[in-house]
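Enquirer: Here is what each chain is made of, one letter per residue.
Protein chains: 2
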Amino acid sequence: MNFNLTILGTGSAIPSFGRFSSSQILQTHNKSFMIDCADGTQFQLRKYEVKTNRMGHVFISHLHGDHCFGLISVISTLGMLHHTNDMYIHAHPDLKKTLQPQLDYFCKDLTFKVYFEDFDPLKNEVIYEDRSIKVSTIPLVHSMPTCGFLFKEKEGLPHIDGELVKFYEIGVKEIKDIKNGADFIDDNGRVVPNSRLITPPTPPKSYAYCSDTAYTERIIPIIEGVDTLFHEATFAEAERHRCKATLHSTASDAAHIAQMANVKQLIIGHYSARYADLNPLLDEAKAIFPNTKLSTDGSKFSW
Amino acid sequence: MNFNLTILGTGSAIPSFGRFSSSQILQTHNKSFMIDCADGTQFQLRKYEVKTNRMGHVFISHLHGDHCFGLISVISTLGMLHHTNDMYIHAHPDLKKTLQPQLDYFCKDLTFKVYFEDFDPLKNEVIYEDRSIKVSTIPLVHSMPTCGFLFKEKEGLPHIDGELVKFYEIGVKEIKDIKNGADFIDDNGRVVPNSRLITPPTPPKSYAYCSDTAYTERIIPIIEGVDTLFHEATFAEAERHRCKATLHSTASDAAHIAQMANVKQLIIGHYSARYADLNPLLDEAKAIFPNTKLSTDGSKFSW
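Sequences listed follow chains X and Z, in order. Just add 8 to the spot in the first sequence (first one is 1) and you have the numbering used here. Just add 8 to the spot in the second sequence (first one is 1) and you have the numbering used here.
These are calculated hints, taken from the structure and not from any lab test. Treat the hints with caution; some may be incorrect.
It does not matter which identical chain is used: a pair holds within one copy or between any two.
[As the list claims (entries may be wrong)] Straight-line distance between alpha carbons at most 16 angstroms, and here's what the computed EDC-like set of lysine to aspartate or glutamate pairs gives:
#1 K116 to D102
#2 K301 to D117
#3 K55 to D305
Owing to the predicted nature of the structure, the values given are computational and were not obtained by experimental measurement.
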């Protein structure tokens, strides 16, 4: 099933040129997953007409304000809008310590429950799983414990040929059995082998979000071959010297990682407040990894 | 000295039609006072090019999220911008309980100090005073302890006639004495009476901010005759029935208060999410109090 990504903010910590800070929505399999939630995210959700009724899981990469200060407002407003899905916040355990007192004071009458699901950002592990999607952490290199997230669709069942279903008059129960590997036996006892009836399942979709991070090749085995990689590109080459102190990446760093990990598409974002024009960052990345896209607030990508 | 008001958000609790929630900046006497601070206020400050270097006092009317959730981001970003003025947050004592844990965790290396100045919103009292301005609370009627704020310039010294200063060759020290009531005695011992030298001081400016509140005439003696009254106007007449449950006002309520308090100018705001077109609210208020202005995000008023 398609992955639909809406980028709500592409600025880094200090807002500039109308760019909001980090937040994204990944929609697939009738669910909306929020990734990071900067101050003002609730306005961006409405501005870009993101449906929130299916939202139940928020993944926070790290506890810098430009990645989590908007959560209390999003939750409070969803409460006023009579949202019903319970909300699971996947984050470093410290988030609960600062957010819970706010929830207790400001959000007493929520129409849904809020649960904190702690994880250790320094480990690569599965932190969420349902029947269609698995989310795992991608340990990153930043000034505090930080991880990215890999969203991976589970392998589906094979497809069954619709013409053959009609021809052999195959029933619903048998279709399920065939998809799970059974042969088909018709009323006359003739066996149609499974391999004649099925075609391979659609390749599972995947998305890797990596922000904030310094250049690190340690993530490559985890994100290898993903359909789309979002990698932060805070700086252009001219400001490479700033990466060391701030533990961020340049656009070419992002492109090198995309190339080495053999991903299909790279999206860059999390731009420093110094850049009014982002095209130089795009050009620098494209020179290394041609299939690079520039994200701007409100950008939508589907694959 | 002029009062310059920038309205940063005019929506009520649920964001709509691109309107941010409550926050304003009042600039006068080389200072910037912030009134309320909803989620996203830091973006509005930059969007409307508000200078923040003189900002040191924030006044929070009440502890609903659409009036205070943006504070942590404003403080955190000012820290990153190396702001140096210490920040005094004037609010109900409960704000400190929820904000301090966040400050302790997220804002460890601030370049300025944050102090909480508690007050009781149910009393009418002076909560801030410097040599030019006095701020007092205006108890309001809402679903939690809430107050407005009256900003009143102190009466200045009389003006001295520049032509007479030249004519009598009056020195700097004597000018000060004359402004404080002394007569002038020239080198020949001739006395020029004080009343010949001075003209009355400029009338002090004033601003009353009243949001959120149900209609209440109890505020009238406090705001009597102010230059500008900002009064919430969440609903139009057609939705008057909603005021009772939500403890908000209609545009005509605001106008009635402005008329009875004999203010010079009324600004309305804090509009319900249901109104795309705000002109009906303006019309309703103007029918009662003609000098009513509609605020929109980014509106600037000077008097």
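Enquirer: Now, for every hint given, state plainly whether the structure supports it.
Expert: Evaluated hints:
no.: 1; hint: K116 to D102; verdict: between (21 angstroms within a copy, 15 angstroms between copies)
no.: 2; hint: K301 to D117; verdict: neither (42 angstroms within a copy, 35 angstroms between copies)
no.: 3; hint: K55 to D305; verdict: both (10 angstroms within a copy, 15 angstroms between copies)
Checked against the numbered hints listed earlier, the structure breaks hint 2 alone; every other hint is satisfied.
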